[in-house]
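Asks: Add chains B and C to chain A, keeping to what the hints say.
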Amino acid sequence: MNLRWYHFAAWGALIAAMLLMPRLVDLGLMGRGTLRTMIQACYLAMFAISWDVLSGRTGYISFGHPFLIGIGAYGTAILSKKFGVPVELSIPLAVLITMIGGLVVLLPALRIKGSYFALVTLAFMELMYQLVQVIRPDLTGGTRGLSGIKTLTRGAENGYMLAVSLMLAVALGCWLLMRTRFGTALWALGQNEEAVSGSGLSTIRLKAMAFLVSAFVAGLAGAFLVHYNGSLAPRAMFDINSVFTIIVAALIGGAGTILGPVLGAFFLTFLLEWLRPFLPGAERFLVYGAVALVLYMYQPKGIYAIIEGGLKRLWGRA
Amino acid sequence: MSARLQVSNLVKRFGGLTATNDMSFTVEPGESVGLIGPNGAGKTTIFSQIMGEHRQTSGQIHMGEQEISALSTPARIRRGVSRTYQVPRPFPEITVAENIRVGLMPDSVWQMVTRGADRDRERELALAVGFAEADLDRTPAELSMGDLRKLEMARTLATDPKVMLLDEVFAGLTVGEIATISALVQKLRDQGMTFLIVSHDLKALEPLIDRAIAIDRGTKIAEGAYSEVIADAGVRASYLGGGGDA
Amino acid sequence: MLQILIQGLLLSGLYALIAMGFTLIFSVGRVLNLAYGAYLLIGGYAYFYFSQQLGLPKIAGVMLAGVLGCVLGLLKYQLLVKRVQGVHSAVEIATLILAVVLQSAVVLIFGDSSKILLPIVPGVERVASAAIPYSNLVATIISWAILIGLYFFVRLTHTGRAMQAVSMDAKGAAISGIDANRINMITWGISGTLGAIGGVFFASYTQLYPGMWVAPLIIAVAVVIVGGIGSIIGTLVVAHIVGFMEIIVSSWNPELRGVFTMLLIILVLVLRPRGLFGREEIH
Numbered sequence: 391m392n393l394r395w396y397h398f399a400a401w402g403a404l405i406a407a408m409l410l411m412p413r414l415v416d417l418g419l420m421g422r423g424t425l426r427t428m429i430q431a432c433y434l435a436m437f438a439i440s441w442d443v444l445s446g447r448t449g450y451i452s453f454g455h456p457f458l459i460g461i462g463a464y465g466t467a468i469l470s471k472k473f474g475v476p477v478e479l480s481i482p483l484a485v486l487i488t489m490i491g492g493l494v495v496l497l498p499a500l501r502i503k504g505s506y507f508a509l510v511t512l513a514f515m516e517l518m519y520q521l522v523q524v525i526r527p528d529l530t531g532g533t534r535g536l537s538g539i540k541t542l543t544r545g546a547e548n549g550y551m552l553a554v555s556l557m558l559a560v561a562l563g564c565w566l567l568m569r570t571r572f573g574t575a576l577w578a579l580g581q582n583e584e585a586v587s588g589s590g591l592s593t594i595r596l597k598a599m600a601f602l603v604s605a606f607v608a609g610l611a612g613a614f615l616v617h618y619n620g621s622l623a624p625r626a627m628f629d630i631n632s633v634f635t636i637i638v639a640a641l642i643g644g645a646g647t648i649l650g651p652v653l654g655a656f657f658l659t660f661l662l663e664w665l666r667p668f669l670p671g672a673e674r675f676l677v678y679g680a681v682a683l684v685l686y687m688y689q690p691k692g693i694y695a696i697i698e699g700g701l702k703r704l705w706g707r708a
Numbered sequence: 002m003s004a005r006l007q008v009s010n011l012v013k014r015f016g017g018l019t020a021t022n023d024m025s026f027t028v029e030p031g032e033s034v035g036l037i038g039p040n041g042a043g044k045t046t047i048f049s050q051i052m053g054e055h056r057q058t059s060g061q062i063h064m065g066e067q068e069i070s071a072l073s074t075p076a077r078i079r080r081g082v083s084r085t086y087q088v089p090r091p092f093p094e095i096t097v098a099e100n101i102r103v104g105l106m107p108d109s110v111w112q113m114v115t116r117g118a119d120r121d122r123e124r125e126l127a128l129a130v131g132f133a134e135a136d137l138d139r140t141p142a143e144l145s146m147g148d149l150r151k152l153e154m155a156r157t158l159a160t161d162p163k164v165m166l167l168d169e170v171f172a173g174l175t176v177g178e179i180a181t182i183s184a185l186v187q188k189l190r191d192q193g194m195t196f197l198i199v200s201h202d203l204k205a206l207e208p209l210i211d212r213a214i215a216i217d218r219g220t221k222i223a224e225g226a227y228s229e230v231i232a233d234a235g236v237r238a239s240y241l242g243g244g245g246d247a
Numbered sequence: 002m003l004q005i006l007i008q009g010l011l012l013s014g015l016y017a018l019i020a021m022g023f024t025l026i027f028s029v030g031r032v033l034n035l036a037y038g039a040y041l042l043i044g045g046y047a048y049f050y051f052s053q054q055l056g057l058p059k060i061a062g063v064m065l066a067g068v069l070g071c072v073l074g075l076l077k078y079q080l081l082v083k084r085v086q087g088v089h090s091a092v093e094i095a096t097l098i099l100a101v102v103l104q105s106a107v108v109l110i111f112g113d114s115s116k117i118l119l120p121i122v123p124g125v126e127r128v129a130s131a132a133i134p135y136s137n138l139v140a141t142i143i144s145w146a147i148l149i150g151l152y153f154f155v156r157l158t159h160t161g162r163a164m165q166a167v168s169m170d171a172k173g174a175a176i177s178g179i180d181a182n183r184i185n186m187i188t189w190g191i192s193g194t195l196g197a198i199g200g201v202f203f204a205s206y207t208q209l210y211p212g213m214w215v216a217p218l219i220i221a222v223a224v225v226i227v228g229g230i231g232s233i234i235g236t237l238v239v240a241h242i243v244g245f246m247e248i249i250v251s252s253w254n255p256e257l258r259g260v261f262t263m264l265l266i267i268l269v270l271v272l273r274p275r276g277l278f279g280r281e282e283i284h
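Residue numbers (this note's numbering), protein chains in the order written: chain A, 391 to 708; chain B, 2 to 247; chain C, 2 to 284.
Excised from the complex, chain A in its bound form (with noise of 0.2 Å):
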């Protein structure tokens, strides 16, 4: 894997910073809302890797991902809901549904390739979103959604702590996962998927284990962001908007490299909120897509990447 000091120290220093804000809340230095605000921006760091470990190295893009989030969060909330199944079980059950329900369907569009991949994944969304309302609405609440779903925790610095520690494991897991050979197979598939083959690697091996961890991130975060909200609604949810949010924060932050897509979510959610006085509402699209849009064609490789120059830069290492 190839792990260096400075590894080590970033990491640390990340990790000891998100765990000490709560002690800023204390000291006075932020307020509340800025930690209710990081929880929102760690549930999205949390599907923005989810669409990285899947979209972002091997080019086939996922417009579908809050069909998998979608499953994880439904599951844990008709089963704690409507089933009495306590949450310690429910959340893992969601989990493993995302990832079998995900690969069941979506095995098939692997064989696919580029354009038609998207296409189906958005499909599958649509048809989520079709589905719940028709099927079953005792279960799912329909067109209206689910509410009264037990929450985890109570207060924003419990709430914080839930999701910043969820949000760091995954990232250091996916970070991981994604510096072994494995990793650097998802970037050749992304280059030259017809090589990889010819360099005796299963293709269809390759995306489907990329897929399943990008089902297991996104089911545990559907999940855990259910029981955080309290409820969910298939108009929110299944939302080309939220489809879009997720990417976006993938593609400022830096696709495949899967702390962009963390410092992009950041990124997207505090722009939101220093926003919110002057733009309060639908607006805040206007204003994401116009920066997603020139940071996109100016630096397509992201923030990582400038923030990665300008450290190389600033230590004279080239």
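It should be emphasised that the hints constitute simulated quantities derived from the structure, not laboratory data.
Just to be clear, a hint being listed does not mean it is correct.
Unchecked claim - With a straight-line cut-off of 30 Å between C-alpha atoms, the simulated DSS-like cross-links for lysine-lysine are:
#, chain 1, residue 1, chain 2, residue 2
1, B, K221, B, K204
2, A, K691, C, K83
3, A, K702, A, K503
4, B, K188, B, K204
5, A, K702, A, K691
6, A, K503, C, K83
7, C, K116, C, K59
8, A, K472, A, K540
9, C, K172, A, K503
To be verified - Which chain B residues stay away from chain A? Per the calculated CB distances, all over 10 Å, these:
#, residue
10, L18
11, R218
12, D233
Said to hold, decoys possible - Incomplete in silico selection of chain B near chain A, CB under 7 Å:
#, residue
13, L72
14, T74
15, P75
16, I78
17, V88
18, R90
19, F92
20, P93
21, E99
22, R102
23, G104
24, M106
25, D108
26, A118
27, R156
28, T160
Backbone N, C-alpha and C fix where the C-beta goes; we use that ideal spot for every residue, glycine too.
Replies: This is chains B and C only, laid out in the frame that chain A set:
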């Protein structure tokens, strides 16, 4: 580290076009065979069928005793057959070392994750095909055509083949680079590697092969010692573009 | 039975029109233009604005919507697609972002709630038990007129043939002296116009709201892929298959309408990604 490659009654049709017409030949373990013929004769199509990139219309392909024509490309590579491409196919955004690493990887995600890269082997392969130490960290975007062919050779070797199919490995290379690749092929032959080589550069090809097979329009027209094949009237005619009737 | 036949024809004509604008771009530029959906959206809202808020004649509203779509298509090609052409994932992402930006612009101007479009032509014709709003009938007739016009344009005019040539072999077309940039501009312009007009009809068929473009976009893309990229006849046939299937399913259980369409699309894409009528591409 060698195996026999046997192609029997291979036929490939694309719509109305017969690209491979009842092709049969055997490459014995440790032997090196040249596949020659004019442009569009169907040499590369035979390679694609051996590797499973195109499925043949009929016929069989054996590696040793085993029939491989129902297997996927990665499964065939595990059986020990591997090829290079006429147009090199590097991974452009990762380093030379990482390109070779992909070839060295086992086809098991678990092992990819749990075991680290074998950097010594990567370096050994890169140096063997003629790269310098400093080239390991360069990306293919910075490489010349000759370097890309070397990289192609290195990645093919990395899959640990018993039979290597080389497709136009000398095209676009300088005299020095041709010498490097030729020396590498000779060394591998001495170690018992089996080769099937396609090349337009007959002068570079001749010393590397034990015998030659000439094909034209998907059909085998001559087989035997290089000098005999090249003297064959049909072969001369096909190279001159007149077909078999001249 | 008659009801299904008539409704099927009406819906299919609409799908064919929407898909046709998309197939032009897909076959000439080989890009999955996700912002195509935005033409529908802009077309629908432009019509709403001009004819219902400004009170212009309805025909002027449709025309202005078409012009706006055309301008949008040209701008998009010049400012966005040209810069990232060749990298399909970059085009997909850039056009997705653009679509969402346009959607939020619509929300900003017109609000989030859905709008009711007054029928383009008021009145209802009854045939047996089937009720046909004149509006839908007119939409279908205009769709067919545009489709037939387009077919002859592509087949018979010099520009149309050049478009075909670019779609089959861009390099070859360039060698034979076709100005690919000009052809691309024309194609993006026509595509934007068709999309916007399709949007007007689609919005009057269903309803006008900021998220209305996603489902018809998926349907359009699927129709094009299944029908064979660049095949006008194939697109027409598949638009009718999808349209009729949708009507048949909804006559049996209206709630399953959307579910069925998406399932059909996914199944066909996965099982026959080359489409039913598409030419097999060599290598």
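Asks: Between the alpha carbons of K188(B) and K204(B), is the straight-line distance 30 Å or under?
Replies: Satisfied, since the Cα-Cα distance of roughly 18 Å is no more than 30 Å.
Asks: With a cut-off of 30 Å on the C-alpha distance, tell me whether K172(C) and K503(A) pass.
Replies: holds, 23 Å
Asks: Does A118(B) pass the interface hint, meaning its C-beta sits closer than 7 Å to a C-beta of chain A?
Replies: A118(B) check passes; min Cβ-Cβ to chain A is 6 Å, inside 7 Å.
Asks: Say whether it holds or is violated: L18(B) keeps its Cβ farther than 10 Å from all Cβ of chain A.
Replies: holds, 22 Å
Asks: Is the nearest CB of chain A more than 10 Å from the CB of R218(B)?
Replies: holds, 26 Å
Asks: For the restraint on R156(B), tell me whether the closest CB of chain A is nearer than 7 Å.
Replies: Hint holds; R156(B) Cβ to chain A Cβ min 6 Å, cut 7 Å.
Asks: For the hint on L72(B), does the least C-beta distance to chain A fall short of 7 Å?
Replies: Nearest chain A Cβ about 11 Å off; hint violated.
Asks: Would the hint on E99(B) stand, with a C-beta cut-off of 7 Å toward chain A?
Replies: For E99(B), the interface hint holds, since the closest Cβ of chain A sits about 5 Å away, which is under 7 Å.
Asks: Holds or violated: R102(B) as interface residue toward chain A, Cβ cutoff 7 Å?
Replies: holds, 6 Å
Asks: Starting from K503(A), check that the Cα of K83(C) is at most 30 Å away, please.
Replies: Cα-Cα ~22 Å, so holds.
Asks: Would the hint on T160(B) be counted as holding, given a Cβ-Cβ threshold of 7 Å to chain A?
Replies: holds, 5 Å
Asks: Under the criterion that the straight-line Cα-Cα distance not exceed 30 Å, is the pair K472(A), K540(A) satisfied?
Replies: holds, 11 Å
Of the numbered hints given earlier, the model fails hints 3, 13 and 17; all others are met.
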